[in-house]
Amino acid sequence: MHTLLLAGAAAGLDPLAWTIVVVGISIVFLSLLVVYFFFRYILTYILNFKLKSFARKKGIDPAEAQTARTIQSGEVNAAIAMALYQYFNELHDVESGVITIKRVSRNYSPWSSKLYNMNNL
Amino acid sequence: MAKRKTWTILALLVITSLAWLAFVKPEHDRQKAQTETGIEASAALPQYQPDNQTEEGFLAGLRQFWAFTGFRNVTSGHLIMILVGLIFIYLAIRYEYEPLLLVPIGTGILIGNIPIFSDGGMNLQVGIYQQGSVLNYLYFGVLKGVYPPLIFLGIGAMTDFSSLISNPRLLLLGAAAQVGIFITFIGALLLGFAPPEAGAIGIIGGADGPTAIFISSRLANGMNLLADGTPVKNLIGPIAIAAYSYMALVPVIQPPIMRLLTNRKERLIRMKPPRAVTKTEKILFPIFGLLLTCFISPSALPLLGMLFFGNILKESGVTKRLAETARTSLIDIVNIMIGLTVGASTQADVFLTKESILIFALGAAAFAIATTAGVLFAKTMNIFLPEGDKINPLIGNSGVSAVPDSARVSEVEGLKADKTNHLLMHAMGPNVAGVIGSAIAAGIMLSYLG
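In order, the protein sequence lines correspond to chains A and B. This note's numbering applies: residue 35 is where the first sequence begins, and numbers increase by one. This note's numbering applies: residue 23 is where the second sequence begins, and numbers increase by one.
Hints in this document: simulated from the structure, not taken from any laboratory. This one's a predicted model, so the numbers in the text were calculated from it and none came from an experiment. Hints are supplied without guarantee of correctness; some may be wrong.
[Stated by the list, open to error] Residues on chain A that point at chain B, a partial pick, calculated with CB under 7 Å:
{"hint": "1", "residue": "Gly58"}
{"hint": "2", "residue": "Ile61"}
{"hint": "3", "residue": "Ser65"}
{"hint": "4", "residue": "Phe72"}
{"hint": "5", "residue": "Arg74"}
{"hint": "6", "residue": "Tyr75"}
{"hint": "7", "residue": "Tyr79"}
Ideal Cβ placement from N, Cα and C applies to all residues, glycine included.
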């Protein structure tokens, strides 16, 4: 009964409402489809073309050129790994809290000598 | 823990509804009856009389002070909204539930519901709806749609489109989830909302707070006139609160729908790892994305223009300082402004209405429909995709633009089915596509109903 009422009300809606729904969904799909096609086909084609010309210039295989462009060299990876290792393993943010200043056993020290007092200069 | 959160949210909704029925509605009816019988509600209240010489000076001063206090002007509606604000702050601090949103909004609700003396239309220039007040000036950014594009700028500066570039077909999932917006639009029309109001309510289905505020500030701002000369209702507060509340509830709303619509075999699908994306592609994506989408739907320009601009700042690599500002300081400042003013705009007399409850119900339906559409579309795509290149339908829910919450839900649900199947990277594709899709849908609503 309730569904029938809703269906009746839906039938009585302004035709503009249905136009907005149909056009709206279509435009959302169309916009994202256009972006999809551009990035899936056109951009890939352009980038492949650039890559091939780069490979031709360097005289290497396009697959190798792709690898050379996208993969970091071993030295760079080693430097990153070293930096990460140092960062995570050589941190000492938490100190023990034990004061390690040792008491000096001797009574005399030039640092506390009255002989070297500024007034005696 | 999650169950406890769910029960707290449900309790909040039930308390608000009961309190509305118990306190606000009778009072509203009483005021309506008084208006109909020609008795002004304010006539029964003591009036401010600055030249009253008959009263003793001290007593008159006290009476005047009392008339201006919140205790004299408070209504049950104010108390309910203050309770809601306190619960928002509690949820944010106790459970860390979207604290960056809920603390400013919750505090804003408290600020907006301090009772202010306004008998005889007196303007103390204090409240958010009183012209000349500081809050009113800040609210200008919401009313004129200034804040949402600035938030989009920050989002663009922090978004990595790599997963979308490496697998562009995931864009379609972002489009499919926007069906929720349009079905909710029809639902709102059937419930008696005017077309511009229904358009603004429908955007809740996009699961995007800034977009919802942007559209409601343009379509349901209480100022525009309908064809018959009556003004549209001011629904900015209820729509914004509904959108942000349901965004916070994404981990509760989506998983049951996802499990219901998929079988175990589908949940175990492993997707191909995304390929490496070059810097050139990352730079070209925002440029061509902007040109292609805005040429088709120019009304989405304020949102998409800023989104892609932010992303160009990030990916160009030569404007690091600007990108850093956009994704940290700027977005934080705007979040403070938007959260506070949207919260404050939920003044009891504007917010506690029958329409607000309907908006909350429609918002829940919108989220459910959007999630369903995303998951079903992923399953439909699988029919046409070759074996070994299929999509795990658990990422379909990420087509709604609640970034990155819905992608996180995909990851968690994927791990429940297979502890080694990580879907987060794949789910980020439809998630950011959802941001673009909801902005386009918003543009369409604006072009038809604005």
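I'd like to know which numbered hints this structure contradicts. Please list them from smallest to largest.
Checked against the structure, the hints that fail are numbers 6 and 7, while the rest are satisfied.
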